[in-house]
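Whole structure, please, built from the sequences with the hints as guidance.
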Amino acid sequence: MSRRAPRRGRQWARDLAVLLALGLYAVPYFWQVLTSIKPEAELLVLPPLLPSHMTWEHYQAVLRQSLIPRALGNSLGVACLTTVLALSLGVLAGYALARLPVPGKGLILLGIVAGSAFPQIATVSPLYLLMRGLGLRDTWTALVVANASFALPLVIWLLAGFIREIPEDLEQAAALDGASRAQVFRYVLLPLVAPGVASSALLTFLFSWNEFLFAYTFTATEASRTVPVALALFPGIFEVPWGDIAAASILASLPPILLVAGLQRYLIRGLLAGALRE
Amino acid sequence: MCLLAVAAGGCADHRGAPAPVTTLVFKHAHILGSGNPLPRLIAEFEARHPGVKVKGEALPWSTDEQRQFFVINLEGGNPGFDVMMLDVIWVPEFARAGWLLDLTSKVAPGELHAFFPSAVDAATFGGRVWAVPWNMNVGLLYYRADLLAKYGFAPPATYDELVAQAERIRAGEAGARLDGFLWQGKQYEGLMVNVLEGLWADGTALLGPDGAVFPDPARAADVLRFMRGLIERGVSPPWTTAADEELTRRAFGRGEAVFLRNWPYALDLLEAPDSPVRGKVGVAALPRHQDGTRGAGSTGGSHLAIYRGTQHPELALDLVRALTSEEAQRMMISGAALYPTRVALYHAPDLVRTHPALPAIAALTLAGRPRPVTPYYLTMSTLLQPELSAAVVGVKSPARAVADARRALGFALRDATAGQTR
Amino acid sequence: MTARERAARRVGVLYLAPALTALLVVTVYPGLWVLWLSFQQRVPIFGIDRFDGIANYAFLFSDPRFWSALRITLVFTLVSVALEVVLGVAVALGLWRQRFGRRLALGLLLLAWALPAVVTAKMFEWLYHPAAGLVNFVLGGHPFNWLGDPALALPGLIAADVWRTMPFVALLCYARLLGIPAEMYEAAEVDGAGRAAIFRLITLPMLRRILLIAALFRTLDSLRAFDLMFVLTRGGPAGTTETLTVYAYRSLFQTLQLGFGSAIGVVVFALVMLVAWAYLFAQRREEAAS
Numbered sequence: 000m001s002r003r004a005p006r007r008g009r010q011w012a013r014d015l016a017v018l019l020a021l022g023l024y025a026v027p028y029f030w031q032v033l034t035s036i037k038p039e040a041e042l043l044v045l046p047p048l049l050p051s052h053m054t055w056e057h058y059q060a061v062l063r064q065s066l067i068p069r070a071l072g073n074s075l076g077v078a079c080l081t082t083v084l085a086l087s088l089g090v091l092a093g094y095a096l097a098r099l100p101v102p103g104k105g106l107i108l109l110g111i112v113a114g115s116a117f118p119q120i121a122t123v124s125p126l127y128l129l130m131r132g133l134g135l136r137d138t139w140t141a142l143v144v145a146n147a148s149f150a151l152p153l154v155i156w157l158l159a160g161f162i163r164e165i166p167e168d169l170e171q172a173a174a175l176d177g178a179s180r181a182q183v184f185r186y187v188l189l190p191l192v193a194p195g196v197a198s199s200a201l202l203t204f205l206f207s208w209n210e211f212l213f214a215y216t217f218t219a220t221e222a223s224r225t226v227p228v229a230l231a232l233f234p235g236i237f238e239v240p241w242g243d244i245a246a247a248s249i250l251a252s253l254p255p256i257l258l259v260a261g262l263q264r265y266l267i268r269g270l271l272a273g274a275l276r277e
Numbered sequence: 000m001c002l003l004a005v006a007a008g009g010c011a012d013h014r015g016a017p018a019p020v021t022t023l024v025f026k027h028a029h030i031l032g033s034g035n036p037l038p039r040l041i042a043e044f045e046a047r048h049p050g051v052k053v054k055g056e057a058l059p060w061s062t063d064e065q066r067q068f069f070v071i072n073l074e075g076g077n078p079g080f081d082v083m084m085l086d087v088i089w090v091p092e093f094a095r096a097g098w099l100l101d102l103t104s105k106v107a108p109g110e111l112h113a114f115f116p117s118a119v120d121a122a123t124f125g126g127r128v129w130a131v132p133w134n135m136n137v138g139l140l141y142y143r144a145d146l147l148a149k150y151g152f153a154p155p156a157t158y159d160e161l162v163a164q165a166e167r168i169r170a171g172e173a174g175a176r177l178d179g180f181l182w183q184g185k186q187y188e189g190l191m192v193n194v195l196e197g198l199w200a201d202g203t204a205l206l207g208p209d210g211a212v213f214p215d216p217a218r219a220a221d222v223l224r225f226m227r228g229l230i231e232r233g234v235s236p237p238w239t240t241a242a243d244e245e246l247t248r249r250a251f252g253r254g255e256a257v258f259l260r261n262w263p264y265a266l267d268l269l270e271a272p273d274s275p276v277r278g279k280v281g282v283a284a285l286p287r288h289q290d291g292t293r294g295a296g297s298t299g300g301s302h303l304a305i306y307r308g309t310q311h312p313e314l315a316l317d318l319v320r321a322l323t324s325e326e327a328q329r330m331m332i333s334g335a336a337l338y339p340t341r342v343a344l345y346h347a348p349d350l351v352r353t354h355p356a357l358p359a360i361a362a363l364t365l366a367g368r369p370r371p372v373t374p375y376y377l378t379m380s381t382l383l384q385p386e387l388s389a390a391v392v393g394v395k396s397p398a399r400a401v402a403d404a405r406r407a408l409g410f411a412l413r414d415a416t417a418g419q420t421r
Numbered sequence: 000m001t002a003r004e005r006a007a008r009r010v011g012v013l014y015l016a017p018a019l020t021a022l023l024v025v026t027v028y029p030g031l032w033v034l035w036l037s038f039q040q041r042v043p044i045f046g047i048d049r050f051d052g053i054a055n056y057a058f059l060f061s062d063p064r065f066w067s068a069l070r071i072t073l074v075f076t077l078v079s080v081a082l083e084v085v086l087g088v089a090v091a092l093g094l095w096r097q098r099f100g101r102r103l104a105l106g107l108l109l110l111a112w113a114l115p116a117v118v119t120a121k122m123f124e125w126l127y128h129p130a131a132g133l134v135n136f137v138l139g140g141h142p143f144n145w146l147g148d149p150a151l152a153l154p155g156l157i158a159a160d161v162w163r164t165m166p167f168v169a170l171l172c173y174a175r176l177l178g179i180p181a182e183m184y185e186a187a188e189v190d191g192a193g194r195a196a197i198f199r200l201i202t203l204p205m206l207r208r209i210l211l212i213a214a215l216f217r218t219l220d221s222l223r224a225f226d227l228m229f230v231l232t233r234g235g236p237a238g239t240t241e242t243l244t245v246y247a248y249r250s251l252f253q254t255l256q257l258g259f260g261s262a263i264g265v266v267v268f269a270l271v272m273l274v275a276w277a278y279l280f281a282q283r284r285e286e287a288a289s
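Chains as they are written, first to last, in numbering that gives the first Met the number 0: chain A, 0 to 277; chain B, 0 to 421; chain C, 0 to 289.
It is worth saying that the hints were derived from the structure and are not from the lab.
If you only want the chain C side, here are some residues facing chain B, beta carbon under 8 Å, derived:
#1 Pro43
#2 Ile44
#3 Phe45
#4 Pro63
#5 Arg64
#6 Pro149
#7 Pro236
#8 Ala237
#9 Gly238
#10 Thr239
#11 Phe252
#12 Gln253
#13 Thr254
#14 Gln256
Here are some chain B residues the structure puts well away from chain A; computed CB gaps all over 12 Å:
#15 Arg127
#16 Pro208
#17 Pro237
#18 Gly254
#19 Val282
#20 Met330
Just so you know, these numbers come straight off a predicted model, no measurement behind them. C-beta: ideal position from N, C-alpha, C; glycine also.
What follows is the structure in structure tokens.
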């Protein structure tokens with residue numbers, strides 16, 4: 000893969016340099032972490048960069064007095080339900096497009112891909128009127144439905160691709176053994192396409208967690224307000240409470256970061272599959 | 000699917016049985032000042048009404064965000080709150096949109112006479128009463144009395160005088176970090192207020208008698224040019240374009256400026272025991288541009304209104320009455336620098352003792368002018384703000400900003416009878 | 000068609016139906032509805048609801064604020080995407096040679112991408128603070144007013160967006176680089192090619208296709224971007240960061256002109272479709288040529 004294999008020492012030094020550079024790239028986030036544990040009085044004075052001592056006052060303020068904990072719960076619920084809905088619909092649709100002789104398949108696929116290019120800003124006003132008309136404002140339902148639908152095109156496309164990659168022999172063998180289509184689907188195909196499902200699920204969860212425009216427009220109170228909206232509407236008294244906002248930001252970013260760290264492999268696979276399959 | 004559980008009113012018509020708790024939700028802005036009286040007022044109200052719980056919820060800091068919150072939630076129906084603290088300029092719009100409970104039949108005939116007439120006017124739309132005035136505001140000119148006295152100046156009557164005084168004092172105090180005139184130039188409603196006061200000082204207005212926007216565009220452009228000029232000449236610092244009330248109040252409070260335009264609440268904070276400018280601050284009417292016109296401060300403040308679809312209208316009205324009572328307003332001026340809407344309190348001996356400027360502020364309030372009282376005011380303001388900001392920041396010429404503003408407003412209000420007031 | 004095939008078709012349609020229904024109701028139907036809204040003057044809170052023809056579009060055509068928003072959107076998109084592509088390739092090349100700590104490197108890189116845009120916005124708002132922000136501190140303490148100065152706000156916004164999305168481009172290039180067979184490089188070395196030449200003649204052409212795809216995705220996303228600029232600057236100061244999406248949102252939910260705001264949304268929609276179609280057209284032409 001590399002042309003001349005450098006000496007081990009040089010490789011080591013080089014790799015370290017790259018890691019350092021990327022660490023610097025992530026400094027904005029580390030700075031936010033630092034801010035969240037800096038005492039209030041030391042926030043607006045630079046230098047010194049480092050706090051004199053660590054304090055949990057910001058996290059306490061956020062967890063006890065703000066609406067962030069409730070918002071975290073809302074985000075989690077909405078994201079989980081969105082993922083379940085999008086994947087349920089997406090797996091079926093992906094399977095149909097990959098394996099079954101659906102009429103107008105090419106056109107449908109093109110339409111689905113085109114749907115993923117829809118700008119949210121264009122559909123937000125009719126969706127607002129729709130949700131209002133259905134009485135779904137300030138509910139999880141509105142967000143789950145909207146988010147899942149926006150995530151569907153990508154999920155369908157990914158899963159159709161993943162399924163197509165799997166050779167049909169196993170399924171045909173199972174069918175010959177007398178298994179029904181549903182059984183083949185459940186016991187043969189699903190386990191094989193599980194990594195693809197995991198990637199799609201991860202991408203959908205992240206999309207739902209990070210989603211802002213619909214959440215800002217459709218939610219009214221902390222009954223359904225998700226974390227990005229709560230963060231954007233963070234109440235300030237005199238001036239902006241930077242420390243509290245930093246703490247809230249860190250809390251808001253923990254689930255995505257943990258997921259990306261733990262399931263990095265699936266994330267990369269999903270991102271690449273979406274783009275490389277052209 | 001869950002609406003805010005809080006708004007689920009328990010039915011209070013089971014006498015004898017332990018009544019489930021009825022909850023009223025009260026949405027209000029954060030109360031500035033260290034002695035926030037709201038918790039105590041709420042506790043007293045709850046004591047007088049057993050089985051009732053009042054949940055006070057604070058809104059984001061900026062009034063623009065507060066309004067957007069209200070609009071999005073009231074528009075969508077089932078907002079989940081009962082009593083609202085509304086900026087005076089929102090009342091006609093909210094009333095016209097049908098979101099407020101009509102209070103005309105519920106208030107006694109003379110009940111509103113105790114309040115400032117302009118405040119009551121702002122709460123009236125279509126001949127009906129939609130809110131109760133809660134606290135009052137008027138634009139004031141703050142000045143460093145010590146510095147003016149040192150150079151033998153009286154508070155300026157015209158803006159030209161103000162600029163001359165500011166420059167003279169700054170030159171004389173070279174070495175001290177001193178700005179001339181602090182005002183609010185950030186792109187928000189506060190900028191609209193500052194521009195309105197400038198227009199009035201120059202004998203013109205935002206709306207003409209027939210409802211036309213900027214009836215005298217050339218003069219409006221002059222006013223904007225003057226405001227931009229303050230920054231260009233250095234009389235006002237560059238950060239004025241990002242300044243709101245608190246930013247300017249704090250700078251003035253650190254002794255870093257000669258003049259400040261702000262609301263009455265600032266006075267209490269400037270006269271706080273640990274304030275560097277304690278005892279050195281004077282309050283006067285805003286200057287004028289031309290002879291013959293009168294420099295007028297913009298009146299403002301907030302009102303309490305009730306959501307039309309509330310489950311507990313009588314209870315909500317009780318709460319509103321309790322919060323606007325004489326006793327409550329006394330606590331508000333003492334603890335939170337929220338100036339009363341009851342005229343008599345401005346001359347109450349005990350209050351005047353702790354707040355000597357009260358009578359003067361009352362006079363200035365009576366001489367103040369309201370922003371256009373029309374349901375379309377917010378539409379106008381949100382469309383105007385970017386243009387005004389562009390002129391003040393210097394990316395657009397004042398004349399072009401005025402022209403663009405007229406165009407945008409003409410289109411947005413093309414169906415409305417702009418200038419419709421009552 | 001055999002009975003079996005017909006049965007399979009039925010099952011296919013059955014499986015496809017729920018997803019298609021969801022898409023039709025939540026995406027296609029509103030897509031048509033917004034077009035209809037754009038031909039109306041609709042102010043719900045005042046009960047104004049009437050057909051207005053192309054009045055909204057006619058106004059937009061001569062609206063200086065619209066053209067400014069369009070210009071800002073295009074500048075934002077072009078500069079961001081260009082920076083993301085250049086930086087992405089550079090980072091990908093760096094990662095490609097990584098032997099140790101590759102997982103950690105990828106993790107650090109993807110951190111920026113995984114954060115919600117609102118979190119990134121708040122983060123940069125703090126970094127750009129004139130007095131207490133890290134950026135000014137690193138630049139020697141000069142109090143640049145990043146988010147308040149009309150000349151600095153857009154660059155500041157672009158920097159934040161590039162920081163956020165470059166990892167995506169880098170990842171795509173990195174994956175592509177992994178797929179380049181080693182023999183090509185060995186052959187080039189044998190022929191005596193220098194590093195620059197190898198990069199120009201082998202690496203870059205192999206990356207070309209993926210870069211185009213990445214650029215396409217990023218362009219579509221930048222045209223539609225909303226979260227970052229809305230929370231970071233709200234379109235200010237003085238409208239210097241007001242993209243079409245922010246203008247649309249403010250018209251929709253601040254001045255509550257649903258008809259007018261929808262018209263702006265339709266313009267964004269058209270822009271996005273135009274770019275997508277242009278890409279497909281170019282790709283088809285290339286395929287026909289090769």
